[in-house]
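A.B. asks: Listed here are the chains, written in short residue letters.
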Amino acid sequence: MPHAADRDVEWQAYLYVSGEMSPPAVLQFEERLADDQAAREAVARAVELWTLLAANPQLIVPATVSRSHRSAVVAALATVAALVIVFFSLNRRQPPTLEGEPASDLVSLWAESDEAIEDDADRMVADVPDGADDLTVPGWMIAALETDADDDTEEN
Amino acid sequence: MTTDESVRIDPAAVAALHAAHVTELRAFLIGVLRNGELADEALQATFGKVVEQGHTANEESLKGWLFKVALHEALMLRRRQTTEQRTLTRLATRWRLECESPEHALNQRDNEELVRRALERLSPEQRLVVHKKIYEEKTFAVIAGELGLPLGTVLTRMRTALQNLRRDLQRRE
Chain A
1 MPHAADRDVE
11 WQAYLYVSGE
21 MSPPAVLQFE
31 ERLADDQAAR
41 EAVARAVELW
51 TLLAANPQLI
61 VPATVSRSHR
71 SAVVAALATV
81 AALVIVFFSL
91 NRRQPPTLEG
101 EPASDLVSLW
111 AESDEAIEDD
121 ADRMVADVPD
131 GADDLTVPGW
141 MIAALETDAD
151 DDTEEN
Chain C
1001 MTTDESVRID
1011 PAAVAALHAA
1021 HVTELRAFLI
1031 GVLRNGELAD
1041 EALQATFGKV
1051 VEQGHTANEE
1061 SLKGWLFKVA
1071 LHEALMLRRR
1081 QTTEQRTLTR
1091 LATRWRLECE
1101 SPEHALNQRD
1111 NEELVRRALE
1121 RLSPEQRLVV
1131 HKKIYEEKTF
1141 AVIAGELGLP
1151 LGTVLTRMRT
1161 ALQNLRRDLQ
1171 RRE
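Just so you know, the protein sequences line up as chains A and C, in that order.
In this text, residue positions in the first sequence follow the working numbering: the first is 1, and each later residue adds one.
In this text, residue positions in the second sequence follow the working numbering: the first is 1001, and each later residue adds one.
Mixed in with the good hints, there may be bad ones.
Partner residues aside, some chain C positions facing chain A, computed with beta carbon under 7 Å [what the hints assert, rightly or not]:
| hint | residue |
| --- | --- |
| 1 | VAL1022 |
| 2 | GLU1024 |
| 3 | LYS1049 |
| 4 | GLY1064 |
| 5 | GLU1112 |
Since the hints were made in silico from the structure, they are not lab data.
Values in this document were obtained by computation on a predicted structure and should not be read as measured data.
Even glycine gets a Cβ: it sits at the ideal position worked out from N, Cα and C.
Throw the hints in and build the complete structure from the sequences for me.
C.D. replies: Rendered as structure tokens:
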């Protein structure tokens, strides 16, 4: 880890070689150079570092590129967010399931709700067509029951 | 005035001194003079002094003595000349062209990779200041104005960037 004074002389040397020092500061630094070998070597290092960087102009990516990179990231995030919304809206159309509930419980719930609807319908409608009393079991429920039955078999 | 040939520094020792320090010494002279031609002139005068007076220098502090002589020659040249000081970036680019050789080209490719990695480790804010300073050759005051930042913030970013770059690039040696 370089000492604070070392870092200071490196920075002073950099300001000196890059022409960023005021004339009085230049005179003061050159007085220091007359007696301080570390400061003289710091000047040489500042020029060498500059040479190395200036020789590879294509390597420094200006901020405009970074900004466009940021825009690309924002666009990608927006696309992902849109896909997530579409995914959830499509999922809503599928039959609701209660996670962790056995399929047989779901059947009971469905049957009870269907009976309630039927009672209401009896009160409201006088002529009921033949066969309307039959409960039509949805396909997804049959599939769930089969899965449930398979699970019970495996457990036993 | 006559010079006693017997007390002059051995030419082989001068050659060794030149080989060991010429690159660093030239960088130092460019830093002081910001003019490649003047730097070369000062370098030549410095080694002229080594031949004439190198034997008077203490062996242990020969490098320090060399740099001190170089500074003296550089400041004398600067007083005599009114040549325009150039920006460091233009000097560095020119220096690179002057140094082109197959061996240098190989080193250059290695250096490119190291510089790329070191630059990638900088924050985008530091990289932007480095870009504006080195390639657009703007002063810190102008950069601060363009970015709408206090001058101190721009200086801190550049200073931190240089510290990080120096630390990462020193590992190549």
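A.B. asks: All hints, please: hold or fail.
C.D. replies: Verification of the supplied hints:
no.	hint	in the structure
1	VAL1022	violated, 11 Å
2	GLU1024	holds, 5 Å
3	LYS1049	violated, 16 Å
4	GLY1064	holds, 4 Å
5	GLU1112	holds, 5 Å
Hints 1, 3, counting from the list given before, are not met by this structure.
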